[in-house]
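Those protein sequences? They're chains A and B, same order as listed.
Numbering-wise (the working numbering), the first sequence opens with residue 94 and increments by one.
Numbering-wise (the working numbering), the second sequence opens with residue 2 and increments by one.
Partner residues aside, some chain B positions facing chain A, computed with beta carbon under 8 Å: (1) 200; (2) 204; (3) 207; (4) 211; (5) 214; (6) 215; (7) 218; (8) 219; (9) 224.
If you are wondering where the hints come from, they were derived from the structure by calculation, not from laboratory data.
Note that beta-carbon positions come from the ideal geometry of N, C-alpha and C, so glycine has one too.
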Amino acid sequence: MSALLEARGVGKRFGGLQALSDVSIAIDRHSIYGLIGPNGAGKTTFFNVLTGLYAPNDGEIVFDGVPIAGLEPHAVATAGIARTFQNIRLFANMTAIENAMVGRHVRTRAGVWGAVTRNAATRAEESAIARRAKELLDYVGIGRHAHALAKNLSYGDQRRLEIARALATEPRLLALDEPAAGMNATETAALRGLMERIRSDGTTILLIEHDVKLVMGLCDRVAVLDYGKKIAEGAPAQVQRDPAVVEAYLGGEIA
Amino acid sequence: MSGLKNASLAARLFGYAALAVVLLVLPFVVEPLLGRAWVRIIDIALLFVLLALGLNIVVGFAGLLDLGYVAFFAVGAYLYALLASPHFGIHWPFFLLLPMGAALACLFGVLLGAPTLRLRGDYLAIVTLGFGEIIRIFLNNLNRPVNITNGPLGITLIEPIRFGDFSLSQQHTLAGLTFAPVHSYYYVFLACVVLAIVVSLRLEDSRIGRAWIAIREDEIAAKAMGIHTRNVKLLAFAMGASFGGVSGGLFAAFQGFVSPESFALLDSIMILCMVVLGGMGHVPGVVLGAILLTALPEALRYVGPLQQAWFGRVLIDPSDLRMLLFGLALVLMMLFRPAGLWPSRVRKREFAE
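The task is simple: from the sequences and hints, build the whole structure.
What follows is the structure, given as structure tokens:
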């Protein structure tokens, strides 16, 4: 079986800065794939290229047999990739459940006519949207805050809500950009449980994370970026011992 | 629990019924108290409610700052004026012209939106401002070489709304009540406003409305969630514009006369003030804002006679003082109620922080 996502030779330049060069990764179905690297290594840039916020200058990305490089973000989401953001980007003045309901947009159809006439099809769709959104809030463990404004949720709950909102789009690949950033040990452990559950329920996960311990314990496969290049890839234990990785994280040997 | 629910439901139903009765008898209560001029002011206020509700879709829901909204009002008004007046000798009925006005305004909304919606905030505001002026200047100058709009003279003798031989511009007597044109139009406008409120509320609480609000809150996140932001924003422009088009058609029929003067930048700004002061994105607030901002400048006309009564002479010209007091009222409002007079619960909290 071919990989769910395959990126080949992806490059991205911003003026004179080569943010990504020749990055190739392949993510297997039902796996958790980790993307790590020091600050500024290009992890988030890769995410933005993958999800259509930036168009790559070189290379191609194939998702489930379909080329997606250069597609608009909404088209990427429609294709089945959903993401969260490193600096949380919820719809702050909407309630938690409304945030998750927005995630259903891409899988539902009602237009202006349905909204104004409230015909039977629209009513049925609306109640299905609300039901699914509530299920997802329960799934990530914030069901009791369904009617709180997103901005009033605690930091950890906001991260969970971002995951619920992304799951609402029915992704086949869920891309999480540093979901554990700023979380304490208990919250990180709970998040880890959630990610394992999402994976076992059939969604593949691409994870950017700083918490090396979390990545090593959780991921099936890890790629390491440094200065926009992939410097290592493999099983977590193997990558951990790679001299290039050690150098990237700890600096070069003392001359 | 369910008894309580029934009680509150009954209270609400009673409230709506009371409101409906008040609205139905309003012109006949206002006329003996304040004079027919105020019935006319109420009519105009209802047209502005329509405009404010339309702009609220663009500014309040989707968060797109539009400073040229009056252009859509002009489009609707001129469409009606040109196709129901001796100017071209065309006399189409209102029930064709009002939907056509809405559709044409929609089209203009898309025409304006398509090239500009990649802009945001201040830049979008400047482009829309330019659009509003372009429409007005076109209307002002399209009398040569072919006379289309009759230029600054405007179009006169526009036909009123009529159902067969029943014209709203004539007096009618029903059950002992005399319906002057201002009374008849009041009911037509009220019906349109009620419809617009229902449409606004239903849109807000729908898949499309959530997408608009999501774009207002965070456009990048909205895109990443699969919302086709360009199309959804265009839809907001088109929907908002259609309210303006209907309002314009009603205005032309009501006044019997349109000229480019009625569609100046100041009018766009007034409509925006109604939305912002009332409470952006909150339909009841926007309605309140439109009514107050139409009535307030009119009420301030009484400052002249008041001075006469207190000081024996008019110290300050009321027309000067009127705009001064109006400006002061706006500034005070923004200082003490920055989220608007009647904000939605959500925005109230937003500004409380």
